[in-house]
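J.: Residue strings, one per chain:
Protein chains: 2
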Amino acid sequence: MATSTAAQRREQAKRDYDAFLDQCPTRELLSRLTDKWVALVIPALVDGPQRHGQLAQRIAGVSQKMLTQTLRTLERDGLVTRTVTASVPVRVDYELTPLGHELFPVMIAIKNWAETHMDRVFEARTQYDARP
Amino acid sequence: MATSTAAQRREQAKRDYDAFLDQCPTRELLSRLTDKWVALVIPALVDGPQRHGQLAQRIAGVSQKMLTQTLRTLERDGLVTRTVTASVPVRVDYELTPLGHELFPVMIAIKNWAETHMDRVFEARTQYDARP
DNA sequence: CGGTATCCAATGAGATACTG
DNA sequence: CAGTATCTCATTGGATACCG
Numbered sequence: 601m602a603t604s605t606a607a608q609r610r611e612q613a614k615r616d617y618d619a620f621l622d623q624c625p626t627r628e629l630l631s632r633l634t635d636k637w638v639a640l641v642i643p644a645l646v647d648g649p650q651r652h653g654q655l656a657q658r659i660a661g662v663s664q665k666m667l668t669q670t671l672r673t674l675e676r677d678g679l680v681t682r683t684v685t686a687s688v689p690v691r692v693d694y695e696l697t698p699l700g701h702e703l704f705p706v707m708i709a710i711k712n713w714a715e716t717h718m719d720r721v722f723e724a725r726t727q728y729d730a731r732p
Numbered sequence: 601m602a603t604s605t606a607a608q609r610r611e612q613a614k615r616d617y618d619a620f621l622d623q624c625p626t627r628e629l630l631s632r633l634t635d636k637w638v639a640l641v642i643p644a645l646v647d648g649p650q651r652h653g654q655l656a657q658r659i660a661g662v663s664q665k666m667l668t669q670t671l672r673t674l675e676r677d678g679l680v681t682r683t684v685t686a687s688v689p690v691r692v693d694y695e696l697t698p699l700g701h702e703l704f705p706v707m708i709a710i711k712n713w714a715e716t717h718m719d720r721v722f723e724a725r726t727q728y729d730a731r732p
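Sequence lines, in order, name chains A and B.
Every letter in the first sequence is one number past the one before it in our numbering, and letter 121, counting from 1, is 721.
Every letter in the second sequence is one number past the one before it in our numbering, and letter 44, counting from 1, is 644.
Don't take each hint at face value.
Note that identical chains are pooled: a pair holds if it fits in a single copy or bridges any two copies.
[To be verified] Here are the simulated SDA-like pairs of lysine to any residue, each with C-alpha atoms no more than 20 Å apart in a straight line:
(1) K636 / D618
(2) K665 / A724
(3) K665 / F704
(4) K665 / F620
(5) K636 / W713
Read the hints as simulated data drawn from the structure, not as lab findings.
Construct the entire structure; sequences and hints are all you get.
T.: Here is the structure:
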């Protein structure tokens with residue numbers, strides 16, 4: 601029998617799941633992907649493994665709690681690996697998995713879109729707020 | 601003097617704004633773009649104007665309040681237009697602006713990613729939860 | 001250094017009822 | 001039909017202090 605290819609399975613998945621539907625599990629995944637810090641954490645990891653402290657510096661303003669929490673969720677979802685090196689003090693590295701690398705283009709796109717179109721959004725807001 | 605092209609201005613904007621920085625206004629825009637219903641509303645509008653009721657049907661499970669609230673924010677940000685036709689009962693149509701159409705590819709990408717990779721995320725979660 | 005635990009303020013978001 | 005107004009509850013996320 602013919603085994604389905606990975607591409608075929610992905611096609612199948614796209615038919616099975618539909619985020620427009622209520623109670624579809626992709627709704628929950630969608631809300632994970634749009635979590636506050638995900639669009640910054642994934643791009644921050646794209647150039648290779650990063651330590652917790654490095655990430656905290658790179659992503660200015662993130663609290664330790666939220667960074668850890670975000671990384672845990674990403675780890676559970678198979679997007680990031682967490683590697684502990686037993687030393688004193690302990691060293692922890694985070695790295696994108698292959699699945700995480702597949703998510704990267706989507707996340708960098710959203711980040712870039714915001715940076716690129718900020719001005720036009722500002723203009724629109726000014727006009728909207730100036731309405732009678 | 602040479603006027604800068606739109607492409608050049610976009611390049612400039614990408615240099616000026618950096619969502620990795622705290623207090624950068626793109627942080628706020630990023631959080632708007634990742635609001636719960638935006639990744640569903642934008643794709644739902646891509647094929648042309650839609651009435652409030654149509655959208656509510658298409659995006660199963662959204663409350664009227666959240667739909668209106670999301671559309672208002674998108675309108676203020678210049679991504680959607682709101683057109684009222686005075687009749688009885690009144691008719692309201694929402695439509696993507698050119699800026700909204702520019703955002704569409706990003707939003708559909710995230711929606712598609714979730715639908716396409718749901719299975720792999722599920723597997724990862726199962727493995728993670730089964731750990732000692 | 002990295003992580004956990006606790007507490008608490010702010011926001012998000014649903015349900016319901018009412019208006020033009 | 002579309003929208004507003006409350007009311008209420010759950011979730012988010014930050015600050016702080018403590019542990020390995």
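J.: State for each hint whether it applies.
T.: Evaluated hints:
For a Cα distance limit of 20 Å, the shortest separation of K636 from D618 across copies, 16 Å, qualifies, whereas the shortest one inside one copy, 23 Å, does not. In this homomeric assembly, K665 and A724 never come within 20 Å of each other (Cα to Cα): the closest approach is 35 Å inside a single copy and 23 Å across copies. Neither within a single protomer nor between protomers do K665 and F704 lie at most 20 Å apart by alpha-carbon distance, with minima of 23 Å and 32 Å respectively. Only between protomers do K665 and F620 lie at most 20 Å apart by alpha-carbon distance; the minimum there is 18 Å, versus 32 Å within a single protomer.
When the C-alpha separation of K636 and W713 is checked against a cutoff of 20 Å, the pair qualifies both within a copy, at 16 Å, and between copies, at 18 Å.
Of the hints listed earlier, those the structure fails to meet are numbers 2, 3, in rising order.
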